[in-house]
Structure formats: structure tokens, C-alpha cells
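Protein chains: 2
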Amino acid sequence: MIEKKVDDLLKKNHLSITGGRKRILELFLQQEGALSHSDIEKKAGEKFDRVTIYRTLQTFLEKGLIHSIPTSDNSIRYALCKDDCSGGQHHDDHVHFICNACGNTVCLEHVAVPSIELPGGYVKEQVDMLISGVCKSCNHQDL
Amino acid sequence: MIEKKVDDLLKKNHLSITGGRKRILELFLQQEGALSHSDIEKKAGEKFDRVTIYRTLQTFLEKGLIHSIPTSDNSIRYALCKDDCSGGQHHDDHVHFICNACGNTVCLEHVAVPSIELPGGYVKEQVDMLISGVCKSCNHQDL
DNA sequence: AAGTGTTTTGCAACACCGTTGCAAATAAAT
DNA sequence: ATTTATTTGCAACGGTGTTGCAAAACACTT
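Line by line, the protein sequences are chains A and B.
Count along the first sequence starting at 1, add 97, and that's the number in my numbering.
Count along the second sequence starting at 1, add 97, and that's the number in my numbering.
You may find that some hints are simply not true.
Identical copies go unnamed one by one, so any copy, or any two together, can satisfy a pair.
[Unchecked claim] Using 27 Å as the maximum straight-line C-alpha spacing, the simulated DSS-like pairs for lysine-lysine come out as follows:
| # | residue 1 | residue 2 |
| --- | --- | --- |
| 1 | Lys233 | Lys109 |
| 2 | Lys221 | Lys233 |
| 3 | Lys221 | Lys119 |
| 4 | Lys221 | Lys179 |
| 5 | Lys140 | Lys233 |
| 6 | Lys179 | Lys140 |
| 7 | Lys221 | Lys101 |
Rather than coming from a laboratory, the hints here were simulated on the basis of the structure.
Could you build all of it, start to finish, from the sequences and the hints given here?
Structural data, given as C-alpha cells:
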């Protein structure tokens with residue numbers, strides 16, 4: 098099932114199917130949230146070299162399988178793109194939420210980034226909206 | 098003039114006046130834009146230790162003299178707070194613009210971050226809005 | 001202005017992060 | 001099954017951010 102899904106995703110993006118790529122894609126599909134490089138390094142076990150993970154993430158980014166999320170703690174996170182953002186063309190204009198309690202980063206798929214009017218002379222190419230606070234599940238635990 | 102301003106800023110925030118702090122504050126006042134750690138390291142000359150710069154930025158952050166701006170290239174930038182955000186309480190709810198041409202990061206002081214409605218259960222603490230593209234001055238050069 | 005106590009700085013050392021070149025291993029194509 | 005192209009792991013490197021500690025600089029008192 099997930100094995101099949103992973104293979105299909107790789108094929109659809111014209112990537113050769115290797116152990117490392119399968120493992121990392123699997124992690125993203127299981128996780129439903131964003132992962133940093135080091136998250137992946139830990140979760141993947143000792144089976145893959147750091148360099149392979151860097152290169153795989155880079156490849157996935159270029160192919161539009163994942164998108165990157167800037168953070169204020171100097172650790173870029175990556176998350177699966179939902180719709181087809183193939184060829185590096187992303188249209189993931191949703192808000193990213195970072196929980197200060199559990200540390201998870203999630204994509205709020207249904208919260209759109211509002212459009213912004215820039216001063217004259219500025220040309221907008223990409224917009225990132227990061228909201229930090231307490232997420233749904235951490236909030237429930239406090240009750 | 099600027100010397101005086103720097104001293105006043107430090108005094109107002111109950112910080113002892115040292116060469117390093119003066120130099121770094123000076124850079125921020127001159128620059129009118131955001132600076133990364135390495136920007137400061139380069140601009141300050143070889144006069145200050147890396148560690149001192151790290152610690153100074155940390156101190157300025159805590160005192161609310163500067164705020165940090167997340168970026169997608171793994172290099173946090175810092176910018177002066179305009180109004181009094183003393184004691185680490187920031188209210189710099191403006192948009193940050195990163196120019197892909199010149200690499201500069203500027204605070205668009207007059208572009209407010211729109212308020213966002215989050216799904217139930219999520220509690221918002223801080224909002225960061227990053228827009229990348231081409232800035233005013235780089236745009237003019239293309240004409 | 002000098003002495004005292006406190007804060008800040010620079011140095012050394014360290015662990016981590018991200019990149020590159022190259023040879024070996026793996027996947028794809030025939 | 002063999003060949004060709006791609007991917008991986010290793011080694012090495014430079015950059016980044018942190019900590020402990022001793023020396024230096026600062027603030028405060030007299």
C-alpha cells in the first residue's frame with residue numbers, strides 16, 4: 098500500500114527507485130507534518146549517510162515533491178506538497194504552524210496566505226507565513 | 098551624533114557600554130536593513146571575536162533592541178526594533194522582504210501583517226511574514 | 001584617580017551542519 | 001546478462017554555534 102504509493106510517486110517524478118528515496122518518502126507520508134534534516138537522520142536509523150539525505154532532499158525539492166519551510170531556529174523543515182507542484186513550481190500558499198510545546202511544524206492546508214499589497218517598486222515572488230504558538234493536540238492535553 | 102545615540106540606546110536598556118556593543122549597534126543604525134551574524138563579522142572588521150558577536154546579538158535580542166527574522170537559507174537575520182520592545186516583548190508586526198537580487202532583507206515598517214483566523218484549538222503567539230522577490234532599488238536598476 | 005567587585009571579552013576546544021570529489025555500489029536500459 | 005548511467009558512502013573540508021575559563025574591560029565607590 099504505502100510501498101506502492103511511494104514507488105508511484107517516484108516514478109511520476111522521473112526518479113529512479115532506490116532504498117534511500119523510498120525510506121525518506123515513507124517517513125514523509127507517515128508523519129503528516131514537517132521534518133528537518135536531522136529528524137530524518139534520526140528516524141531513518143543508522144542506515145543512510147548524511148550526505149545521501151542532503152542530496153535526496155535537494156532532489157525532492159527540485160522535483161517539487163516537497164517544499165521547504167523557513168524557521169527561526171536555523172533549521173529548515175521540509176514537508177510534502179499536496180497537489181502537483183512538479184518541476185520546482187510550488188503553489189503551496191498555505192500557512193505553516195510551529196508548535197512551541199511539541200516542536201512540530203504542520204501545514205495548515207486550509208488556511209490561505211492572505212494577499213498583501215506591497216509598496217511601489219517591490220515585486221513579490223514568494224510569500225511565507227509562519228505562525229508559532231500552541232497546536233491543537235498540545236492544547237487538548239492542557240485541559 | 099550616532100555615537101551619542103548608541104550610548105543612549107545601551108543605557109536605556111541597562112547594558113554596560115563596551116566597544117563591541119557600540120560597534121554592532123552602530124552597524125545596525127547605519128545599515129537600515131537586516132544583518133546576519135556573518136554580515137556583522139565581516140563589516141565589523143577583524144576586531145571582534147565570533148563568540149562576542151554571538152553573545153552580543155543574544156543580549157540585544159533578550160533586551161528587545163533587535164528582533165530576528167527567519168529565512169529559507171539557514172541564516173537568521175537581525176534587525177533593529179523601531180519602537181520600544183523592551184524586555185524581549187516584541188511588537189514588530191511588519192512584513193519582512195528579502196530581495197533575491199541584492200540579498201538584502203528589509204523591514205517594511207508600513208506593511209502590516211494581516212490577522213489570520215486559525216482553526217479551532219490552535220493558539221497564535223507569533224506571526225512572521227516573509228516575502229521574497231525584487232526590491233525597490235534593484236528594480237530601478239533594471240529600467 | 002585608584003581600588004574593588006562585577007561584567008564582558010577572547011581564546012581554546014568541541015560538536016554539528018552542509019558541501020564536494022571520488023570510487024564503489026546500485027538501478028535502468030538494451 | 002551486460003552495459004551504461006545514476007546514486008550512494010566515505011573522506012575531508014570549511015563554516016556555524018556553544019561552553020569553560022582566565023584575562024581584560026567596565027561600573028561603582030570613595
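Return the numbers of the hints above that this structure violates; sort them in rising order. Going through the list in order, the structure violates hints 1, 3, 7 and respects the others.
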